[in-house]
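Participant: Each protein sequence line maps, in turn, to chains V and X. Residue numbering for the first sequence follows UniProt numbering, starting at 1 and increasing by one per position. Residue numbering for the second sequence follows UniProt numbering, starting at 1 and increasing by one per position.
Some hints here could point you the wrong way.
Quick look at which bits of chain V chain X covers, simulated, 3 or more residues with Cβ under 8 Å [as the list claims (entries may be wrong)]:
| id | segment |
| --- | --- |
| 1 | 73-85 |
| 2 | 143-149 |
Pairwise CB distance ranges, derived in the manner of DEER restraints [said to hold, decoys possible]:
| id | chain 1 | residue 1 | chain 2 | residue 2 | range |
| --- | --- | --- | --- | --- | --- |
| 3 | V | Glu-21 | X | Trp-246 | 30 to 38 Å |
| 4 | X | Gly-67 | V | Pro-73 | 47 to 55 Å |
| 5 | X | Trp-238 | V | Thr-32 | 52 to 60 Å |
Since the hints were made in silico from the structure, they are not lab data. Where a beta carbon is used, it is the ideal one built from N, C-alpha and C, also for glycine.
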Amino acid sequence: MYGTYDFSFHDERKDFSIGIEHENGRYIYRRTLHGRTQERTLITAGGRIIINPVEPLNLPKDVAGHLLVEFAPLAIEPGGQETIYLTFPIEVGVFIAAKGNYEVVDIFSWNRQKYTLYGSPERGDLARWWESRVSFSPPDVDPRLEGTLSVSITNTTKEWVNVSRLVLEGYGMKIYYGDSASMRAWMRIISTQVAETGCYDAPMTEGQHKSLELYTARSIPGIERSRYLMDQGI
Amino acid sequence: MDGLNFSLNAPVTSISAITWGHLIYVCLVVIAAAVVSRVLMIYLKKSLTDKIKRNQLDILMRAVKYGIAVVAFLVILPYFEVNLSGLLVAGGFASIVIGFASQSVIGNMISGLFLIIERPVSIGDNINIGSATGTVTDINIFSTIIKTYEGIYVRIPNETVFTSPITNYVAHVARRFEYTVGIPYAADATVAVRIIKEVIRDHPLALREPVPSVYVDELGDNAVAVKVRVWAPSSEWWDVRTELLWTIKTELEKNGIEIPFPQREVWFRNELAGRVSVREERPSSLTPAGDRDETI
């Protein structure tokens, strides 16, 4: 489903349909999911529709700027380095592009959303919560529900460290897509309770396309950090 | 006609060294500063409204506006032949006089400065100061402006803000709310607790951590009181609270657990003698046990 299409685009599956219709000289974007329909009138002479996964921080409301992925605890030896594979939730962004510019017209998801607080109420950050299984090779994912998140973990300490969660900054997420979505992240463990995280701006496999980003488009260059310091437990 | 025949180098008044040329230049600088300020304000609003928070944008715009004003003032100052050292002496003397004459004004100003430094409240925060509860819409050098939830404009002098207890409802990113849900004594409290926990789990903005707590809190007069404590994002807590409450009520009812009405059982202390007669014409199905028409 991901890709760039012209205005004749239409896709229909079980409990889901998306497309643009030409009615009375106007284009109408219409998307139906689980019986609920989202409609938008487009005043344009023509253009393209771009569908790609976006940072999963928009539904049901834009309340958090971070993604927290929780997984079964891993113990990492002192100085150890390992790449693990997790999953992240999929939110699909629909963009309309014309005359050298684009705008988001819709965001939807097959997933249920859940938010959590990383840290304490006075110092913590709100984050989208996602529970993931841990794999040591790229897992099979349902592309509608989840993408693959590869995480390169480095333990820079001289102690064994237990890790069971990863927090990523929304502004730093770089999502790539082909048949399914993927993201490459890193985690540098600084102490038994502190780690720094970030994302690589590179695809996990050759041939994947970079998603249009919502958070980076909203950001002011040089102000928002793309890294996140997990200083309230890992 | 002599009045119109003046030179730009001619002084404006006989005792002043300011010429008409200077005056025009000063006016042009003031107008230019106002125009630049206005254009920058519009540009900042257009380009940053969807990128930074409203209160940060307000602070940035105010800093830019005052910055331009200061620059314009410094540019035009030499044309008035102001002696800065004399100004400082005069300013020092004037400040003493003004300080005595307007203690409350200065007090408000100093308090305003401390409020800006300490930042117990920011524009957009939901707060309570004294009898005023609402959203902070502006923090000036002398006063803080609150829009109450009824939409009323309230101006509070900064001295009052500084010396009053302030409750800031959104200073932390998350906050807790609670309800007490009454269930009948006949109902299984374990089932009720499980249903309520499921409702909370299914709500996206009822935070997973801090963990919500649901427990039997009290054996009340009319019902078993189940306490429900949930954390939500501070900006969304009211919506979450109202949505969850009704969902809990409907889900409990779907599972056969009705919220009980207040009820009271009355026992007579003594067995009273009397004749008991049952009305024959009343259908027995409509006469619940213990509700017979008894004549004692």
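Participant: Now, for every hint given, state plainly whether the structure supports it.
Facilitator: Evaluation of the provided hints:
Here the segment 73-85 of chain V counts 0 residues with a CB under 8 Å from a CB of chain X, which misses the bar of 3, and the coverage is violated. Counting residues of the segment 143-149 of chain V whose beta carbon lies closer than 8 Å to any beta carbon of chain X gives 0, which falls below the threshold of three, so the coverage claim is violated. Distance hint for V/Glu-21 and X/Trp-246: a CB-CB separation of about 37 Å, consistent with the stated range 30 to 38 Å. Take X/Gly-67 and V/Pro-73: their Cβ atoms lie about 52 Å apart, and the range 47 to 55 Å holds.
Take X/Trp-238 and V/Thr-32: their Cβ atoms lie about 31 Å apart, and the range 52 to 60 Å is violated.
Hints 1, 2 and 5 from the earlier list are contradicted by this structure; the remaining hints agree with it.
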